[in-house]
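Visitor: If you're matching them up, the sequences are chains A and B in order. Using my numbering, you'd call the opening residue of the first sequence number 1 and step up by one each time. Using my numbering, you'd call the opening residue of the second sequence number 207 and step up by one each time.
Don't take every hint at face value.
Facing chain B, from chain A, some residues (calculated, C-beta under 8 Å) [said to hold, decoys possible]:
(1) L90
(2) Y104
(3) F120
(4) L140
(5) A178
(6) K198
Derived by calculation from the structure, the hints in this document are not laboratory data. Beta carbons are placed, not taken as given, at the ideal position from N, Cα and C, and that holds for glycine.
Number of protein chains: 2
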Amino acid sequence: MAMKWIIDDFEKMERRYRGNLINSIGGYKSLHLLGTRSPNENNNLATFSSYFHIGADPALCGIVIRPNEESENTLGNIARNGQYTLNHVLPSFYEKAHQCSAKYPAGVSEFEAVGLTPHFIESFHAPFVAESLIKIGCELVEKVDVTMNGTTIIIGRIVFLEAPDDCLLEDGSIDLNAAQTVTCSGLDTYHVAQLLGKLPYAKSPK
Amino acid sequence: MAMKWIIDDFEKMERRYRGNLINSIGGYKSLHLLGTRSPNENNNLATFSSYFHIGADPALCGIVIRPNEESENTLGNIARNGQYTLNHVLPSFYEKAHQCSAKYPAGVSEFEAVGLTPHFIESFHAPFVAESLIKIGCELVEKVDVTMNGTTIIIGRIVFLEAPDDCLLEDGSIDLNAAQTVTCSGLDTYHVAQLLGKLPYAKSPK
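Based on the provided sequences and hints, a complete structural model is requested.
Guide: What follows is the structure, given as structure tokens:
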């Protein structure tokens, strides 16, 4: 049987119940550990599941940052030096990635707290996650305030990419199954994926 | 071995190769069939993989619409009557969903062209996909133009939800594995997911 809800039902729901429902109803989400560096050189790492593709030329992506203390940290660091990293999660450390969503006191590095390794590349301040096979380096392009709930959409330009050569297909696609990339749903549920099919470019019949 | 690319490498890539790389590097994406209705009552259906969660109270989500003819159709319909639907895809019809990404002439309904069934509910103009187990009805809240590449971010309020009762967990979460929701990567690759784990709320140690 089908459950149906309309807008009035959402307003009557208990807060966490509504959060779980609305956060999971959109389907599977990408999962990233977002790395930033503060002016006093603290390495910050936060769990994000709101990555979306905006365009390939220039290479642009978006994330959503919520108006809470924890993300102020991430948002503040991005606003200050414009750089951040997005790192894929593997099944071998998805529990550590989840633990990065906990609120740690300012000055505590989530890398140390959960046991992941910061990794740096030349000319880039923000830390990557050494354990991640796929690493993305971004520079801030635009901040969009969503007035209706105080969140901020961060639009970034991809300036660095790293991926294992045996996951790169001939057409430029990354084989995420081979890369063991983890996907998530809602606020707390983690999955691996299995290929259904890779289809040819869709054309309408003449 | 790891492949590494920097921003200059992207600019030198062949257009489709770059599109495949940048579109797949972000990880697994949600997959929706987006339904709209035109002023002359044509039912439009388009494939989208850019859904992102913005907030639960009010229930807000975003999608990205590209500046091409096909999406002008979707964008135009949303701008005119403010309503659209987002419908999950099942393994049984993922090839039909992919076919909705083809360019059909204006006036051709993708529902008829690919063999899916429009479904209507009271007080809502936009068509749902009858075959989808999870159906989301949205109303336009805000349009954000991304000046750097001409795309548009559509922010919508969720006003209707439908999901099978046996996929609804006690805490309000939807079990996407049970709902057989399909996830995608890049522009052409489709997957189902398997549970790794559902973890308790993360707290920092005292």
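Visitor: Out of the numbered hints, which ones does the structure contradict?
Guide: Going through the list in order, the structure violates hints 1, 3, 4 and 5 and respects the others.
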